[in-house]
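**Q** In case you want the letters, here they are:
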Amino acid sequence: MSSVETRPEQTGSSLIPTLPGAHYTDPAIFELEQSRIFQAHWFAVARGSDLPTAGNFRKVDVGGESVLLVRGRDGALRAFLNVCRHRGAQLCVEDSGSVRRNLQCPYHAWTYGLDGSLVAAPNLNSMADVDRKEYGLIPVALREWLGTAWVCLADEPPSFEETVQGAVTARLGDPAAIDGWGIDTLVVGRRIVYDVKANWKLIVENFMECYHCATIHPELTEVLPEFADGYAAQYYVGHGAEFGDEVAGFTVDGRAGFDTLSGVGENHDRRYYAITVNPQVFINLVPDHVIFHRMYPMAVDRTIVECDWLYPQEVVDSGADLAHSVELFHRVNQQDFDACERCQPAMSSKAYAKGGVLVPSEHHIGEFRDWAAAAIS
Amino acid sequence: MSSVETRPEQTGSSLIPTLPGAHYTDPAIFELEQSRIFQAHWFAVARGSDLPTAGNFRKVDVGGESVLLVRGRDGALRAFLNVCRHRGAQLCVEDSGSVRRNLQCPYHAWTYGLDGSLVAAPNLNSMADVDRKEYGLIPVALREWLGTAWVCLADEPPSFEETVQGAVTARLGDPAAIDGWGIDTLVVGRRIVYDVKANWKLIVENFMECYHCATIHPELTEVLPEFADGYAAQYYVGHGAEFGDEVAGFTVDGRAGFDTLSGVGENHDRRYYAITVNPQVFINLVPDHVIFHRMYPMAVDRTIVECDWLYPQEVVDSGADLAHSVELFHRVNQQDFDACERCQPAMSSKAYAKGGVLVPSEHHIGEFRDWAAAAIS
Amino acid sequence: MSSVETRPEQTGSSLIPTLPGAHYTDPAIFELEQSRIFQAHWFAVARGSDLPTAGNFRKVDVGGESVLLVRGRDGALRAFLNVCRHRGAQLCVEDSGSVRRNLQCPYHAWTYGLDGSLVAAPNLNSMADVDRKEYGLIPVALREWLGTAWVCLADEPPSFEETVQGAVTARLGDPAAIDGWGIDTLVVGRRIVYDVKANWKLIVENFMECYHCATIHPELTEVLPEFADGYAAQYYVGHGAEFGDEVAGFTVDGRAGFDTLSGVGENHDRRYYAITVNPQVFINLVPDHVIFHRMYPMAVDRTIVECDWLYPQEVVDSGADLAHSVELFHRVNQQDFDACERCQPAMSSKAYAKGGVLVPSEHHIGEFRDWAAAAIS
Chain A
1 MSSVETRPEQ
11 TGSSLIPTLP
21 GAHYTDPAIF
31 ELEQSRIFQA
41 HWFAVARGSD
51 LPTAGNFRKV
61 DVGGESVLLV
71 RGRDGALRAF
81 LNVCRHRGAQ
91 LCVEDSGSVR
101 RNLQCPYHAW
111 TYGLDGSLVA
121 APNLNSMADV
131 DRKEYGLIPV
141 ALREWLGTAW
151 VCLADEPPSF
161 EETVQGAVTA
171 RLGDPAAIDG
181 WGIDTLVVGR
191 RIVYDVKANW
201 KLIVENFMEC
211 YHCATIHPEL
221 TEVLPEFADG
231 YAAQYYVGHG
241 AEFGDEVAGF
251 TVDGRAGFDT
261 LSGVGENHDR
271 RYYAITVNPQ
281 VFINLVPDHV
291 IFHRMYPMAV
301 DRTIVECDWL
311 YPQEVVDSGA
321 DLAHSVELFH
331 RVNQQDFDAC
341 ERCQPAMSSK
351 AYAKGGVLVP
361 SEHHIGEFRD
371 WAAAAIS
Chain B
1 MSSVETRPEQ
11 TGSSLIPTLP
21 GAHYTDPAIF
31 ELEQSRIFQA
41 HWFAVARGSD
51 LPTAGNFRKV
61 DVGGESVLLV
71 RGRDGALRAF
81 LNVCRHRGAQ
91 LCVEDSGSVR
101 RNLQCPYHAW
111 TYGLDGSLVA
121 APNLNSMADV
131 DRKEYGLIPV
141 ALREWLGTAW
151 VCLADEPPSF
161 EETVQGAVTA
171 RLGDPAAIDG
181 WGIDTLVVGR
191 RIVYDVKANW
201 KLIVENFMEC
211 YHCATIHPEL
221 TEVLPEFADG
231 YAAQYYVGHG
241 AEFGDEVAGF
251 TVDGRAGFDT
261 LSGVGENHDR
271 RYYAITVNPQ
281 VFINLVPDHV
291 IFHRMYPMAV
301 DRTIVECDWL
311 YPQEVVDSGA
321 DLAHSVELFH
331 RVNQQDFDAC
341 ERCQPAMSSK
351 AYAKGGVLVP
361 SEHHIGEFRD
371 WAAAAIS
Chain C
1 MSSVETRPEQ
11 TGSSLIPTLP
21 GAHYTDPAIF
31 ELEQSRIFQA
41 HWFAVARGSD
51 LPTAGNFRKV
61 DVGGESVLLV
71 RGRDGALRAF
81 LNVCRHRGAQ
91 LCVEDSGSVR
101 RNLQCPYHAW
111 TYGLDGSLVA
121 APNLNSMADV
131 DRKEYGLIPV
141 ALREWLGTAW
151 VCLADEPPSF
161 EETVQGAVTA
171 RLGDPAAIDG
181 WGIDTLVVGR
191 RIVYDVKANW
201 KLIVENFMEC
211 YHCATIHPEL
221 TEVLPEFADG
231 YAAQYYVGHG
241 AEFGDEVAGF
251 TVDGRAGFDT
261 LSGVGENHDR
271 RYYAITVNPQ
281 VFINLVPDHV
291 IFHRMYPMAV
301 DRTIVECDWL
311 YPQEVVDSGA
321 DLAHSVELFH
331 RVNQQDFDAC
341 ERCQPAMSSK
351 AYAKGGVLVP
361 SEHHIGEFRD
371 WAAAAIS
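Protein chains in written order, with the UniProt record's numbering: chain A, 1 to 377; chain B, 1 to 377; chain C, 1 to 377.
No wet-lab data here; the hints were simulated from the structure.
Honestly, I wouldn't trust all of these hints.
[Stated by the list, open to error] Simulated restraints on C-beta separations:
id: 1; chain 1: C; residue 1: 31; chain 2: B; residue 2: 299; range: 18 to 28 angstroms
id: 2; chain 1: B; residue 1: 141; chain 2: A; residue 2: 373; range: 31 to 41 angstroms
id: 3; chain 1: B; residue 1: 128; chain 2: C; residue 2: 338; range: 29 to 39 angstroms
id: 4; chain 1: C; residue 1: 97; chain 2: B; residue 2: 134; range: 53 to 63 angstroms
id: 5; chain 1: C; residue 1: 353; chain 2: B; residue 2: 197; range: 23 to 33 angstroms
id: 6; chain 1: C; residue 1: 170; chain 2: B; residue 2: 73; range: 43 to 53 angstroms
id: 7; chain 1: C; residue 1: 338; chain 2: B; residue 2: 73; range: 22 to 32 angstroms
id: 8; chain 1: B; residue 1: 101; chain 2: C; residue 2: 97; range: 50 to 60 angstroms
id: 9; chain 1: A; residue 1: 244; chain 2: B; residue 2: 22; range: 53 to 63 angstroms
id: 10; chain 1: C; residue 1: 127; chain 2: A; residue 2: 266; range: 36 to 46 angstroms
id: 11; chain 1: B; residue 1: 350; chain 2: C; residue 2: 49; range: 57 to 67 angstroms
id: 12; chain 1: A; residue 1: 53; chain 2: B; residue 2: 49; range: 55 to 65 angstroms
Ideal Cβ placement from N, Cα and C applies to all residues, glycine included.
Work out the full structure: start from the sequences and follow the hints.
**A** Here is the structure:
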């Protein structure tokens, strides 16, 4: 595969509109997005390796619902609504933990297997007409890909292949390209959680463009000099931004990183790729590691971002210092989230009632804009 | 009077529905409940002994209204809206206190007698056409029973006899039964105030059933072994749960309590009774004391519970250690309120959109459910 | 000019109604007031001297909008919406500060002159069809008077002469009277900012009447004995409340203040004047200084009040102790704001659903009541 480096032709005005400000401030629009976007699409919630053994659980917020991930005794990962079917107590209130054999509600001791089935309850045997199957935990669809658990709260989830995998293919230009990084074999070297006081769409829009790179990302622009021109890697299909000539690795000061991942070919070496999987995943591919962001929209003006830096097992086991490697994108994240937080208060201004504008190097954000607006209309 | 120990016959499905989740989370429903339940019914606000002498006042929240209780110079307890008729300043901002002869607004010095009448105001004499009676404090209906002050904000309060006293009779099966405990002669040995992050109806429903007792109340089940079966005292008319054979008193470790109250006959000795008076009072009767709960719903997801442990004057005066006596139900309260707080977040889940289910030993909660739903429909 | 001391004739009932309680508690009414009152009228935001040199800026909240005041290189003060035209970042997030030559958005480096014009942006030259004038900062109307900057967010601001200057004339009875205090030549000796948990209209109504003076303002009534009668200076046209015979100056203990301002004639000496300029300015004139309040309504139940004590430059430069001079009205402010905060919680009571009442010495508040109600109807 070779990069396609032709810039899409500009058509029409060089400044086209963003979403109106209300889309970033109106709680009613956020509620619609929760149900029609975050509950309706595949939503990445964890690394599978976060729950290595049977009985491990993890509680996550998906579109306003508390979802429980559980590793079963058969080794499979499953997801359920975190609500006892009897009187509605939350089964788990800790963010994560482990149980032995069952999930037992601490209120009336209704007891569920790790597969969600109702296995016991006080006096249950005397309730002859109760169908235990009917009162199992409510299951949530789950898929694993790229070492990541994705769940979907929709009754009929959209095609995982067309939406999640399709988004990755659309960016890289080739369905097999992503395999080179072997993301499912990588492990979490570092996880940082950011609490961002901004609407989730500001964060997506920020991630999609690089018109801001020269202004707010000095370290990143040093490593990827072409970003100084303002064209994001996502502007092109299959394009990876090239490292600067003097740059030895994707690190905060350009020093060498780790060995190139074994599956990353020469055409992808010394390059940086960025992928957005709507609505809440960003993936950065560099030769020696992968940066994987999962967003959790908490309110119209607040978003949690959980970011994993993924490395080969042997790099993490070696005890090598990851600091210079992690620090580059950690700074980028901080710089980006500061910018998003600076925009949020102005979204309610009458100056932004009809929205702002996108310059040519941001025009591809228009697709996201249209997708987000259509989803709630 | 003898206990009626026949269990009501089960009809229909063994699992019947609770209220839908929105009834526990929707602020609009809570506002309806404030006006149609808490302002419309008799609402217990204090022990009369909290205001022993003329000029004593106490400020309480009743259905969102600030109500002022005042002990008059004639010894009578009265209640008023805590609002100056002139420009609306709160007459009292402290939770309780004492005034000498009058209630004077600290803003413009409008002055009201302890009976609520407007007695003075600067330049009032020059306002010839002002009818002082028209500008007295707005009175709130008040009744005293069981040593407790009950107020009602309705223009035409419902029958105290039918609602409050009727609820006690319906539970004990005999209008005279409650007299044995001489509640109006008891005094507050201990008062504990709980701030519960849960809807008030979760607290009522919890209080009404004992299906949870085996799971969350080890101390209580030790004292009242029949509770391990999951049937609450409230499940039966006139039934008192019997103390265990080895149990000497209603204390946290089953040790002896105090002398049985003089009016409590043998048929009520070594027994525990629980009474719910809709919408916000719970009473527990045990041989040597009474536990009296008053709930104050503050928001759809927050309720203040004020709990009094009541003993004979001589017990309190003796300086006896009340700790083992108080500790039992204090632990029960903590265990119950923890459970309620665990349910509250799940009430907004789509898993609870149509509510949860009641097992047979909880079916009597269905009456409360229907009462609460009808009140706002 | 001589004072007109005839009291307006009383007509009708001696007690007339205030606004209904909802006007002080309903967020929807507050939002209407933000757009139809605070964005529609001239709104005082700063002393011009707060921004002495080119590049100085100050960020202020006007009716929910973030407005940027900027001193230009030509010496003129200008106001703009604090929103970048590109993607909506706030240009300034600090309350005040200084820039060198331009206002540069820290997100994508769009750069505006101090006059608001778009002067540069990355790649702007390649966007041939972009009209830079169209993308300048959005200007806000600005007037300077009494050393104060007043802005108006309306597309067509009302007449400054008729509204702001007209209000001052209506109070003093003579358009030239205010000139005697030379307010534009005075400087800020002390600024105190109050965060008041009350609706802005409670603060206006409090400022307009003196029926409360005897009750809550002992120091002020000592200095201005006629206030003990309950008639505010604002009750009469052109009336200044006279200092007590023993009073040497407008100070907390009646000791001498500073020299009478050079332009204040004998007819205004030893007198106190109070002016309300709707919707958010109060001015107090005393012989040796001026007290200037600017209110910023932040929520239906919260108002920021910024109060300046203004003195001649030479008084401030002399290093004279201003404490006794400032302390008098600082105490008055605290006493007033305490009273307003005491009223706020009662505004939602059913006792105030139709409002409270105004006594004869408060009847002029009825004009404000009608003005405020008409503005949002």
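**Q** Checking against the hints above, which ones are violated?
**A** Going through the list in order, the structure violates hint 2 alone and respects the others.
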